[in-house]
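K.L.:
The listed protein sequences correspond, in order, to chains A and B. Read the first sequence against the working numbering and you will find it ends at 426, with the numbers running on by one and no gaps. Read the second sequence against the working numbering and you will find it ends at 226, with the numbers running on by one and no gaps.
A couple of the hints might just be wrong.
Here are the simulated DSBU-like cross-link-like pairs (lysine-lysine), alpha carbons at most 35 Å apart as the crow flies [said to hold, decoys possible]: (1) B:LYS97 with A:LYS393; (2) B:LYS97 with A:LYS134; (3) B:LYS115 with B:LYS138; (4) B:LYS138 with A:LYS179; (5) B:LYS138 with A:LYS393.
Because the hints were derived from the structure by calculation, they are not lab data. This one's a predicted model, so the numbers in the text were calculated from it and none came from an experiment.
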Amino acid sequence: MITYEWLYVLAGAAFAVWAALSAKDGRWGNAALWALLSASFLLGSHLSDMANGVLVLALVAIAGLGGLKRSDPLTTSPQERQAHAESLGNRLFLPALVVPLTAVAGTLLYNYTPFGETGLFEARRETLILFGIGVLAALAGAMLWLRPPLLAPAEEGRRLIDSIGWAAILPQMLAALGAVFALAGVGEIIGGIAGGIIPEGSVFLTVVVFALGMAGFTMIMGNAFAAFPVVAAAIGIPLLIETYDGNPAVIGAVGMLAGFCGTLLTPMAANFNIVPAALLELKDQNAVIRQQVGTAVPLLVCNIVIIYVGAFWLWN
Amino acid sequence: MNYWPLAGIAIVVLGFALRFNPLLVVVSAALATGVLAGLDLLAVIEALGKAFNDNRYISVTWIILPVIGLLERYGLQQRARAVIEGMRGATMGKLLVAYLAFRQIASALGMKDIGGHPQAVRPLVAPMAEAAAMKTHGDLDEAARDEVKAMAAATDNVGLFFGEDIFFAIASILLIQGVFEAAGYPLTPLELSVWAIPTAICAFLIHAGRILAFDRRLGRAGK
Numbered sequence: 111m112i113t114y115e116w117l118y119v120l121a122g123a124a125f126a127v128w129a130a131l132s133a134k135d136g137r138w139g140n141a142a143l144w145a146l147l148s149a150s151f152l153l154g155s156h157l158s159d160m161a162n163g164v165l166v167l168a169l170v171a172i173a174g175l176g177g178l179k180r181s182d183p184l185t186t187s188p189q190e191r192q193a194h195a196e197s198l199g200n201r202l203f204l205p206a207l208v209v210p211l212t213a214v215a216g217t218l219l220y221n222y223t224p225f226g227e228t229g230l231f232e233a234r235r236e237t238l239i240l241f242g243i244g245v246l247a248a249l250a251g252a253m254l255w256l257r258p259p260l261l262a263p264a265e266e267g268r269r270l271i272d273s274i275g276w277a278a279i280l281p282q283m284l285a286a287l288g289a290v291f292a293l294a295g296v297g298e299i300i301g302g303i304a305g306g307i308i309p310e311g312s313v314f315l316t317v318v319v320f321a322l323g324m325a326g327f328t329m330i331m332g333n334a335f336a337a338f339p340v341v342a343a344a345i346g347i348p349l350l351i352e353t354y355d356g357n358p359a360v361i362g363a364v365g366m367l368a369g370f371c372g373t374l375l376t377p378m379a380a381n382f383n384i385v386p387a388a389l390l391e392l393k394d395q396n397a398v399i400r401q402q403v404g405t406a407v408p409l410l411v412c413n414i415v416i417i418y419v420g421a422f423w424l425w426n
Numbered sequence: 004m005n006y007w008p009l010a011g012i013a014i015v016v017l018g019f020a021l022r023f024n025p026l027l028v029v030v031s032a033a034l035a036t037g038v039l040a041g042l043d044l045l046a047v048i049e050a051l052g053k054a055f056n057d058n059r060y061i062s063v064t065w066i067i068l069p070v071i072g073l074l075e076r077y078g079l080q081q082r083a084r085a086v087i088e089g090m091r092g093a094t095m096g097k098l099l100v101a102y103l104a105f106r107q108i109a110s111a112l113g114m115k116d117i118g119g120h121p122q123a124v125r126p127l128v129a130p131m132a133e134a135a136a137m138k139t140h141g142d143l144d145e146a147a148r149d150e151v152k153a154m155a156a157a158t159d160n161v162g163l164f165f166g167e168d169i170f171f172a173i174a175s176i177l178l179i180q181g182v183f184e185a186a187g188y189p190l191t192p193l194e195l196s197v198w199a200i201p202t203a204i205c206a207f208l209i210h211a212g213r214i215l216a217f218d219r220r221l222g223r224a225g226k
């Protein structure tokens, strides 16, 4: 049976290669960070919780002290890229499409045909495992088609992962924060406060507070990912799911999107809202946000309706 | 009731506002929250290590980077530019609505780095929108031109945010999965990502409607 462990070996190998190439390039901070992440993937299941905890602290120390730098591995020139783009045309999009197609078609086949009875994949893990298979297929196809140097995908991947930098592990770290919040009972505390404010038994008002909470926390933090574990632990899980018996998939997915409406409204999300104003040399640094208010506010209302209808009406 | 664990949330808010490294902020918040809830510091580090380890699948998605990087080596970004340039000739409204659809669909298929402010909006979408608006409405003053450019940037954001979650192997979807699984509600990525579709449709309708209304408003102001 193929499990997540197989994916972890694959990811561990990718990060090990990036660590080795970074070391060869003399970028020791990058090499150390990617090596630790590789160790987490390859050995994490066999290490004690304490060892994994120390690994997390070491990762954060390297990233927090600014040990990561962008890299510029040897690649093609803009002129060569232009020439390739013209001769290859829209076929260039095909390898990238192989990945979602493999995952979605594979998941449907696995769940709705006898293929699923083979028990080839760990239960409920098939989509992400098929994503991994799709990546391998796309990579093999692209290598055979384009015939680049053997190390090209590793070096191009390193260019991208180094440009993402520490942000690459932020979502995983935020999920871990959510788990610690749950352990410390943060959800119960805020749920208790929120429960005192929201009239008891009003599902609709609780949905409204949940969505506004996601948008509001996202505006304060500038990041829906950071807001999600907090608001889910406070209102989404204890009230909407446990007390009112809502559909967890809708509450989670659309709750996050309510947060994205908040991202459109805040100067704290500088990359999306302030940086483009500077890039476009706009007089008013909030000009982009001003153009987004009229979309974000009605869309937040839509999200409230979608949660209410999808998670409660259709579900019960 | 002990309200001290809430200090962790305050640390996240303050730390982000003061622009400390977010990883540093998140781990400090986790340690502080655990200790203030009366747990032993070593126990909190263990809990953090276990939770980080349990959520490794969120970071597995980066294995797609060699594929994307390889395609970029052969001109993926340049090809995307050609597609966007092909939208030229239309009115500003039609151009931005087409770009909104393109950005949403590409993101939903996992190509969220096709587009973006430095790569696409500044060099292509904003100048094209500005040129199209001037062609239809005649000379616009600087304030109106700034509004057009800001609308181009806003369109890129809306297209990305409300397209990307339809792709299941993306950090936000897997983060939702991780948080819910830790709370005892196991979900699959596809169960979550299909629920991004209704919002994506609403986002398209609302934002496209606003773009077209904006184009009409510019026309009235110009005459």
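K.L.:
Looking back at the hints listed earlier, which ones does the structure fail to meet?
P.N.:
2, 4
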